[in-house]
Amino acid sequence: MPGGERNEFDVAVIGGGLVGAALAWGLARRGRTVAMLDEGDIAYRASRGNFALVWVQSKGSGLSEYALWTRYSADVWPQLAATLRDETGLDVCLQQTGGLHLLLSEREAESRANEIKRLHNQPGMVPFDYQMLDRAAVARMLPQVGPEVAGASFCPLDGHVNALRLLRALHVAFQKRGGCYFPERAVERIEPRGGEFRLHAGAGGTDVIAASKIVLAAGLGNARLGPMVGMNVPVRPQRGQIMVTEKTAPFMPYVVHTVRQTDEGSVMISDSVEEAGFDTSVGSAVLAVEADRAVKMFPHLARLNVVRCWAALRVMPKDGYPIYDRSQACPGAFVATCHSGVTLAGAHALALPPWIDTGVAPNDGFGAFATRRFDVPAIN
Amino acid sequence: MFRRLTESRRALTIVVDGVATPARGGDSVAAALLAAGHAACRLSAVSGAPRGPYCQMGVCFDCLVMIDGVANRQACLTPVRDGMRVETQRGKREYGT
Amino acid sequence: MMAAGALDEGYDVAVVGAGPAGLAAAMVCAQAGLRCVLLDDQQNPGGQIYRGITNSPLARDTVLGPDYWRGEALVRAALASGAQYAPSATVWGLLRPDEIAVSIGGVSRQIRVTRTILATGAIERPFPIAGWTLPGVMTAGAAQILLKTSGLAPTGRTVLAGCGPLLWLLAWQYLNAGVRLDAILDTTASANWSRALRHAAGFAASPYLAKGLRLMRAVRRAVRIIRGVVEIKAEGRERVEAVICRTRRGQQERLPADTLLLHQGVVPNVNLAMSANVAHRWSDTQLCFVPCVDRYGATNVPHIAIAGDGAGIAGAEAAAARGRLAGIAAVRALTGKHLLAEEERTARHSLQRYERGRAFLDLLYQPAADFRRPRGDIVVCRCEEVTARQILDTVALGCPGPNQMKAFLRCGMGPCQGRFCGLTVTEMIAEARGVACDKVGYYRLRPPIKPITLGEIAGLPTDEAAINAVARE
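Protein chains in written order, with our numbering: chain D, 5 to 384; chain C, 3 to 99; chain F, 4 to 476.
No lab work stands behind these hints: they were computed from the structure.
Worth double-checking, as some hints may not be accurate.
[To be verified] Some but not every residue of chain D turned toward chain C, in silico, with C-beta under 10 Å: (1) D90; (2) T92; (3) D95; (4) Q148; (5) K251; (6) T252; (7) A253; (8) P254; (9) F255; (10) G269; (11) H304; (12) R307; (13) L308; (14) N309; (15) V311.
Glycine is no exception: its CB is placed at the ideal position from the N, C-alpha and C atoms.
Work out the full structure: start from the sequences and follow the hints.
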């Protein structure tokens, strides 16, 4: 039930995207009274720009804790999907049959093989199954690949999900558990006061929502909000341009890292990363390069009509790894932000809520995600 | 159902789902189908429900048909050609069409 | 059809749309010596209102009426003006202020332009009733296009439904052609009369009154009119078989039908303009989004002007006048000289004449709320088959606007890009939330505003930055 009469809560989650909604639902399931604050209809919304992959194979190079956290999330994802289906009747169409990162030259193949090897050789890594496939092996799995496909790295743990339905399911499940959703309440100002928090939100910051604990899950907005509770949350926008085609009969039994076919048949293509600030305009040159690569991977895609393009700003923490922490200066304030909100949805829904609730870290390596790894400024 | 007020245009033949069907020069494929008594030209890719041309100006995308082996072509924007093969667009576009 | 390669690298002015506004704008620009290209997605010029005018199989002055044929002179003048005319050219994006992306024959090109005049006209307003997606149900505009371009008329049991001048014009044209119509279901809301009559003086002095009355009188004599219709359902299994209607007075009737033609007005085709970030506002009289334009059609985006029904519905003659004004502004901007003052005076005089009386028509023919905001299992998004019930349930979930609605339900994600559901979704959300349509907003539109193939996109020019942007870890 959106809003409602109540304006005091056990926990207020700032952000109604995949991270915020997963946390808010998880906390509501634990019996907390939870508010989820969200922006309006037009907002940056990284959750509308994801590629919906549940991806393990290349995560965590440089921080083995991230690889482990990713693996854990992929392992519990089926539980998340089943629980959401039970609670809402919505099927998020999780498919974890394996994913291929296609390579279009020998040089790409060599580079990729080295990268994955480096990832697996890290201290603290728990190895998982992966294979470097040559062209023939790829063609056996995906007969439609084009002649320029040189090979792939394959991991049976990889998959994808209907991310938009996931977001909707999380919102439905959250409200069924008594959670209160506050759209059009961008937070202007966080006021820590006497052991709790007053959030000044909405146009002019005139709506005030109070909570004993708050969780900053506002994606790119966390950079501005973090210092209000004494946390440095260095996240920046990274633009990805996405194309979606008309619906076509299923042809991909496996997910490819930059080309995926959704459960309702459309094909999504996303293969670009740009540092473009907060500019969400679409550029034909980038689309052309992405399209060219997609057609090299699957020549028959050339005929498909692209019905929509958009540019989404994804959240990129300074070092690429998630940021989970709680404020020393303002106890009770937490932050949770990351680049891979779909992959980590399992962990966010099932492992983070107990941490927020009880303070007990979900695992031994969890401290690696704290903000102390960056510089810590004074409170604003 | 539609009939022709004039038979002045050049007569030609298209093939609709394998059946030779009369058409006239200047017809769009959509017009030719309607003149031949076909109200539906496709089955929806979402539910399989039958659909037919709605706007005749290229903005509704309900008139999608397979033309000469290429799927999802807008019938109302495609002029007929003698011998053209037109097929019902049955749901989602198939691989290779 | 010309090939994409035949387009120049650059032009002074690109005019998008070869209806009356676009034809007039291109003519003015080209006659003044500017390098001008007229791009249109149809195979022949005339837009929709003069559709088929260069190659209609219907003999002159028999069926379509003199207003239609008046467009011929404009088409001829525009084609002779020196503007390069590119038919079957789909402008799918205004990717940069000085660049248009256009697709011809499956090949996409980007052409440089100094100024763009959008004249993309109007589309039929959505008319979401139960069964409106059945084969055999189409817009009155569609039926009129079939008449103009192929001389096709409905046979069997034919019902027209809705409100607005086009419905009556079509019925009159059918009478001229000897077509039998079973009934016209008139949904004109009687409550509109009192507000419309305030503008009656303007209408009485306009060119529309006498024509309109003559037309309606002829139709009324020959066709059964059911007035005060408040609900319509199309029924059938594989196609429409019957139309059920209910009147304000509670009378219900089931009419067997082979063809149902729906019309409740036309609205600006905003997709290209919105995708270029042109500011729009909600019009409470026309109940749609219209671009914010000045007296010359200029918008908030430098070098993009809008003329014709795409700037606000006012009919063919007003569109031509607006097209001339946009052309005149372009000529002045590009030559640096204040030319064509007399032409401007003439165009403004014509515009004033043809805009008179529009307020009356706009208010009288405002579709009733039930026909703009359906309920229950009525399909709202035709492409993705999203129902009214699903939309209202999602508003109850706290969804504040059409873009979040799109993310949750997929409405607006199909190939029509919201053209047949956008207004409905905006109005339904606005009403359910008790908020103005302007505040609710509209779908966020981006290029391509018509589908183009992945292969075509792959063929567009690239640059170093783009190549570096494409991830290759």
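Do the hints match the structure? See the list:
1. D90: With a closest approach of 26 Å, the D:D90 hint is violated.
2. T92: Violated, because the Cβ-Cβ distance from D:T92 to chain C comes to roughly 21 Å (cut-off 10 Å).
3. D95: This hint is violated: D:D95 lies away from chain C, its Cβ roughly 16 Å from the closest one there, beyond 10 Å.
4. Q148: D:Q148 check passes; min Cβ-Cβ to chain C is 7 Å, inside 10 Å.
5. K251: This hint holds: D:K251 lies near chain C, its Cβ roughly 4 Å from the closest one there, short of 10 Å.
6. T252: Status holds, d = 4 Å.
7. A253: 5 Å, holds
8. P254: With a minimum Cβ separation of about 8 Å from chain C (threshold 10 Å), the hint on D:P254 holds.
9. F255: D:F255 check passes; min Cβ-Cβ to chain C is 5 Å, inside 10 Å.
10. G269: 5 Å, holds
11. H304: Constraint on D:H304 satisfied, holds at 6 Å.
12. R307: 7 Å, holds
13. L308: With a closest approach of 7 Å, the D:L308 hint holds.
14. N309: 6 Å, holds
15. V311: Given a least distance of 9 Å, the restraint on D:V311 holds.
Comparing the model with each numbered hint stated earlier shows that hints 1, 2 and 3 do not hold.
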